[in-house]
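Engineer: The primary structure of each chain is shown beneath.
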Amino acid sequence: MIRFDSVSKVYPKQNHPALRDVSLEVEKGEFVFLVGSSGSGKSTFLRLILREERCSHGQVHVLGRDLARLSNWKVPQMRRQLGTVFQDFRLLPNKTVGENVAFAQEVIGKTRGEIRKSVPQVLDLVGLGGKEDRRPGELSGGEQQRVAIARAFVNRPKLLIADEPTGNLDPQTSVGIMKLLDRINRTGTTVIMATHDQNIVDQMRKRVIELEKGRLVRDQARGVYGYQH
Amino acid sequence: MRAQFVLSEIGVGLRRNLTMTFAVVVSVALSLALFGGTLLMSDQVNAMKGYWYDKVNVSVFLCNKSDAANDSNCAKGAVTADQKKQILADLDKMAVVDKVTHESQDEAYKHYKEQFGDSPLAASLTPDQMQESYRIKLKDPEKYQVVATAFDGRDGVQSVQDQKGILENLFDLLDGMKWGARAVMALMLVVALMLIVNTVRVSAFSRRRETGIMRLVGASGFYIQAPFIMEAAVAGLIGGAVACAFLVLARYFIIDHGLALSEKLSLVDFIGWDAVLTKLPLILATSLLMPALAAFFALRKYLKV
Numbered sequence: 001m002i003r004f005d006s007v008s009k010v011y012p013k014q015n016h017p018a019l020r021d022v023s024l025e026v027e028k029g030e031f032v033f034l035v036g037s038s039g040s041g042k043s044t045f046l047r048l049i050l051r052e053e054r055c056s057h058g059q060v061h062v063l064g065r066d067l068a069r070l071s072n073w074k075v076p077q078m079r080r081q082l083g084t085v086f087q088d089f090r091l092l093p094n095k096t097v098g099e100n101v102a103f104a105q106e107v108i109g110k111t112r113g114e115i116r117k118s119v120p121q122v123l124d125l126v127g128l129g130g131k132e133d134r135r136p137g138e139l140s141g142g143e144q145q146r147v148a149i150a151r152a153f154v155n156r157p158k159l160l161i162a163d164e165p166t167g168n169l170d171p172q173t174s175v176g177i178m179k180l181l182d183r184i185n186r187t188g189t190t191v192i193m194a195t196h197d198q199n200i201v202d203q204m205r206k207r208v209i210e211l212e213k214g215r216l217v218r219d220q221a222r223g224v225y226g227y228q229h
Numbered sequence: 001m002r003a004q005f006v007l008s009e010i011g012v013g014l015r016r017n018l019t020m021t022f023a024v025v026v027s028v029a030l031s032l033a034l035f036g037g038t039l040l041m042s043d044q045v046n047a048m049k050g051y052w053y054d055k056v057n058v059s060v061f062l063c064n065k066s067d068a069a070n071d072s073n074c075a076k077g078a079v080t081a082d083q084k085k086q087i088l089a090d091l092d093k094m095a096v097v098d099k100v101t102h103e104s105q106d107e108a109y110k111h112y113k114e115q116f117g118d119s120p121l122a123a124s125l126t127p128d129q130m131q132e133s134y135r136i137k138l139k140d141p142e143k144y145q146v147v148a149t150a151f152d153g154r155d156g157v158q159s160v161q162d163q164k165g166i167l168e169n170l171f172d173l174l175d176g177m178k179w180g181a182r183a184v185m186a187l188m189l190v191v192a193l194m195l196i197v198n199t200v201r202v203s204a205f206s207r208r209r210e211t212g213i214m215r216l217v218g219a220s221g222f223y224i225q226a227p228f229i230m231e232a233a234v235a236g237l238i239g240g241a242v243a244c245a246f247l248v249l250a251r252y253f254i255i256d257h258g259l260a261l262s263e264k265l266s267l268v269d270f271i272g273w274d275a276v277l278t279k280l281p282l283i284l285a286t287s288l289l290m291p292a293l294a295a296f297f298a299l300r301k302y303l304k305v
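In order, the protein sequence lines correspond to chains A and B. Anchor point for the first sequence: position 128 equals 128 in UniProt numbering, and the numbering is continuous, going up by one each time. Anchor point for the second sequence: position 64 equals 64 in UniProt numbering, and the numbering is continuous, going up by one each time.
Keep in mind the hints are simulated off the structure, nothing from the lab. It cannot be assumed that every hint is accurate.
[Unchecked claim] Under the rule of at most 20 Å between Cα atoms (straight-line distance), these lysine to aspartate or glutamate pairs were calculated in the EDC-like manner: (1) Lys179(A) to Asp202(A); (2) Lys301(B) to Glu52(A); (3) Lys95(A) to Glu9(B); (4) Lys110(A) to Glu9(B); (5) Lys93(B) to Asp152(B); (6) Lys139(B) to Glu168(B).
[As the list claims (entries may be wrong)] A partial selection of chain B residues facing chain A, derived with a Cβ cut-off under 8 Å: (7) Leu88; (8) Leu91; (9) Met94; (10) Asp152; (11) Gly212; (12) Gly218; (13) Tyr223.
In this text, all values refer to a predicted model and were calculated from it rather than measured experimentally. Glycine is no exception: its CB is placed at the ideal position from the N, C-alpha and C atoms.
With the sequences and hints as input, model every part of the structure.
Structural biologist: Rendered as structure tokens:
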């Protein structure tokens, strides 16, 4: 699903690399936590998978494709198989919940029939059935994140990338979001989640990858959060 | 691509940026109206120059039968074959003369018809009312006086005309106006382009959330850029339509009505509607493509895919 071969990333005009010599593999259907303090390279790791950045050394393979060799105009096709969720939800405030989810399908040219079928389905899946016509501003933070997850999942991606999805949510709401991500994972979707949330990592007992100053310092099959921040 | 979705995005974009859109429309309209104006001015100059203007420097007009009755220069009657032969021989001998062309009455009639074909005066004219003439190209156009003094007042010669002298000042003026209009046009064009680039930038910035999401869910670069490009194209097209209206109204109020130059200067051949109408597609196409291209290149900078 994902393979990093001694990947390094140096941003222009910076002396210290954001990632140094990281090698790892994520199999299809895995659930992986990515932990590490701020500036450890988590975001760079995710941006490389999304091909928002290209690595400086080494190779990044996603869904069997070498991203260094993927030409720019093929990147959108690749991204259609990835779903992305962020800490700040990134919903469109002037569109309804249904329109926000439909947006992800409209812009890749899905037909109206497909959209009308899949939007209610995915909203049911995330537990927001019947709230299609509400606007994001009328929803709680947890509900907004569910909309964002619905939008990320509506095109049935093979890989879901979540960058601190519970960062803005209270513990109880976070548990609900984690249950949802777990359910999505059980449908066969690989999930990579960067997080600072110790409780969640400790409870879930999934694979944990820890980065520190750009280096891979831990890769544990059923890990815990494991460091003090 | 879903047309309705794209169209609604364009509408939202144009309305959100109403002041900038308005500025783009006005600047495109002005620059293209001036562009069309310069084209029409060239047409007008060409229409007025007539058949011989660019080909000769001096014309020696010979007396015809009706001149013999009406013109004191032709009191001795219409030109005779001997007189013509003598004039031609004398012309050939002159050092300043480069080339002489003879225009018969029939040819003069034909050229007149070509230039003034649709005027009422042309309809009542017959070939034998036209003047026969020698059209002379000089080695040095300034030496017009040499020919004038040699043939003015000679038997059979009605008049000698410095072909350029008559209209030269007017053409200089029109030419000056044309260049002035071109300079203003170039300036307006630069303004229009900068406005378009800025509008696109503002538009891309105000919709960075949408474009960011589009990028993440894998919308193609074209799909992301199309609304912005079409926005610019629609604004440009509105400007182009305004420019076309300008030109049509200008022709209407300057030549036909209002100033009504065609009545006041009945001897001048003015450009017709066809000259105006043939410019309109060019102006509309420019108004569509120019902003679209400007937006396309602006987006390469402001909208990374």
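Engineer: Please list, smallest to largest, the hint numbers that this structure does not respect.
Structural biologist: 7, 8, 9, 10
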